[in-house]
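A.B. asks: Respectively, the protein sequence lines represent chains X and W. For the first sequence, the positions run 1 to 184 when the numbering used here is used. For the second sequence, the positions run 1 to 184 when the numbering used here is used.
Note that these hints are calculated values from the structure, not bench results. For clarity, every value in this text was computed on a predicted model and none was experimentally measured. Check the hints yourself; a few may be wrong.
Stated by the list, open to error - Result set (DSS-like, lysine-lysine): computed pairs, CA atoms no more than 27 Å apart in a straight line:
| # | chain 1 | residue 1 | chain 2 | residue 2 |
| --- | --- | --- | --- | --- |
| 1 | W | 58 | X | 58 |
| 2 | X | 3 | W | 26 |
| 3 | X | 58 | X | 126 |
| 4 | X | 3 | X | 177 |
| 5 | W | 175 | W | 165 |
| 6 | W | 3 | X | 177 |
| 7 | W | 175 | W | 26 |
| 8 | X | 126 | X | 109 |
| 9 | W | 175 | W | 121 |
| 10 | X | 109 | X | 26 |
| 11 | X | 26 | X | 128 |
| 12 | W | 58 | W | 128 |
| 13 | X | 26 | X | 121 |
| 14 | X | 3 | W | 177 |
| 15 | W | 165 | W | 26 |
| 16 | W | 3 | X | 26 |
| 17 | W | 121 | W | 165 |
| 18 | X | 177 | W | 26 |
| 19 | W | 120 | W | 109 |
| 20 | W | 128 | X | 3 |
| 21 | X | 26 | W | 58 |
| 22 | X | 128 | X | 109 |
| 23 | X | 58 | X | 121 |
| 24 | W | 165 | W | 117 |
There are 2 protein chains.
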Amino acid sequence: MDKGFVVWITGYAGAGKTTLARTIFKELSSHHNLSNLFLLDGDEFREFLSPDLGYTPKDRLENAWRIARLSLYLATHGINVITATVSMYANVRNWLREQVENYTEIYIKVSDETLIKRDKKNLYSKLKRGEISYIPGGDVRLEEPDNPHIVIENDSTTTAELEGKAREIARMLAKNKTARQNAF
Amino acid sequence: MDKGFVVWITGYAGAGKTTLARTIFKELSSHHNLSNLFLLDGDEFREFLSPDLGYTPKDRLENAWRIARLSLYLATHGINVITATVSMYANVRNWLREQVENYTEIYIKVSDETLIKRDKKNLYSKLKRGEISYIPGGDVRLEEPDNPHIVIENDSTTTAELEGKAREIARMLAKNKTARQNAF
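Same shape as in the complex, but just chain X:
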């Protein structure tokens, strides 16, 4: 069986991970007719597979490991996984690079100002009011990727531009996939 790929999209809350992941998914499935696709979104993953975990540093790291292990598990069985989660830990990324045959790391980079301006989940405003703490991108930095395959600077990007990037990435993934299939 042909193994699946893992696309690991990372960035702080509000960077644009979900938008990018969804557009890549849609492009792959509708335009490139790729099946065996699975979009792993951080919030939903927690609901199903980490209901026992909170948001302490320890719990966040354990959650990232679970996401990484599930991604490898699915890819081993031919499922193509696109993840959109914060999960910024060097050890987890190194493990993925080592374990996943077809691995692409995408870092969506935005300035702190952009995060605070967007703040869809009201995380940064709650932090400012002292209602919560330990918010990656707010009061703590995580281990940002130092050598991702793709970096997207998403401060002043329009939705159309981000979708353009997604189409480009989908094209690359689909091409790579076909090349691998032909090699067997």
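Got chain X; can you put chain W on it based on the hints?
C.D. replies: Same frame as chain X, but now just chain W:
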């Protein structure tokens, strides 16, 4: 997106779950051209997603819940899941029946004599020598399904007969799948 199905194959260690699951998988993918298939095998699942769990009653139950939650999660995203695990707990099965839209429960039933005779993993012989304990089907009974969709009595079944059953089940799943797709 069309949701995936969950086929929950259960039975004690040595009943024939893996053989049945693999044959159904193979039939669906090669004969019925069904994609988005995922075979979830108990031992492999533990390796990837329950490395923290052992074999105590509490850990076995937690493991079964994780398998059930992952199955629902994948099915929600259009992946068709076939599980082959012991996981015999009424609460877990009831939850799956309630949550999964397209759920099929298969119980492979064999006598204790057959289990002891097969004993591929040497579980029952180790139990007999007192080296291990709490072996479902050995010194403990779990909650066997009381109303599975399909029961397979697998004491004197030949491999060819079991494969025949698998082909029949695959045909039913593929037909059901197509009918659902047409309904949307």
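A.B. asks: None of the hints should be skipped; say for each whether it holds.
C.D. replies: Status of each hint after checking the structure:
{"no.": "1", "hint": "58(W) x 58(X)", "result": "holds (23 Å)"}
{"no.": "2", "hint": "3(X) x 26(W)", "result": "holds (16 Å)"}
{"no.": "3", "hint": "58(X) x 126(X)", "result": "holds (21 Å)"}
{"no.": "4", "hint": "3(X) x 177(X)", "result": "holds (9 Å)"}
{"no.": "5", "hint": "175(W) x 165(W)", "result": "holds (15 Å)"}
{"no.": "6", "hint": "3(W) x 177(X)", "result": "holds (24 Å)"}
{"no.": "7", "hint": "175(W) x 26(W)", "result": "holds (16 Å)"}
{"no.": "8", "hint": "126(X) x 109(X)", "result": "holds (22 Å)"}
{"no.": "9", "hint": "175(W) x 121(W)", "result": "violated (36 Å)"}
{"no.": "10", "hint": "109(X) x 26(X)", "result": "holds (22 Å)"}
{"no.": "11", "hint": "26(X) x 128(X)", "result": "violated (36 Å)"}
{"no.": "12", "hint": "58(W) x 128(W)", "result": "holds (23 Å)"}
{"no.": "13", "hint": "26(X) x 121(X)", "result": "holds (24 Å)"}
{"no.": "14", "hint": "3(X) x 177(W)", "result": "holds (24 Å)"}
{"no.": "15", "hint": "165(W) x 26(W)", "result": "holds (13 Å)"}
{"no.": "16", "hint": "3(W) x 26(X)", "result": "holds (16 Å)"}
{"no.": "17", "hint": "121(W) x 165(W)", "result": "holds (24 Å)"}
{"no.": "18", "hint": "177(X) x 26(W)", "result": "holds (22 Å)"}
{"no.": "19", "hint": "120(W) x 109(W)", "result": "holds (17 Å)"}
{"no.": "20", "hint": "128(W) x 3(X)", "result": "violated (41 Å)"}
{"no.": "21", "hint": "26(X) x 58(W)", "result": "violated (41 Å)"}
{"no.": "22", "hint": "128(X) x 109(X)", "result": "holds (22 Å)"}
{"no.": "23", "hint": "58(X) x 121(X)", "result": "holds (22 Å)"}
{"no.": "24", "hint": "165(W) x 117(W)", "result": "holds (22 Å)"}
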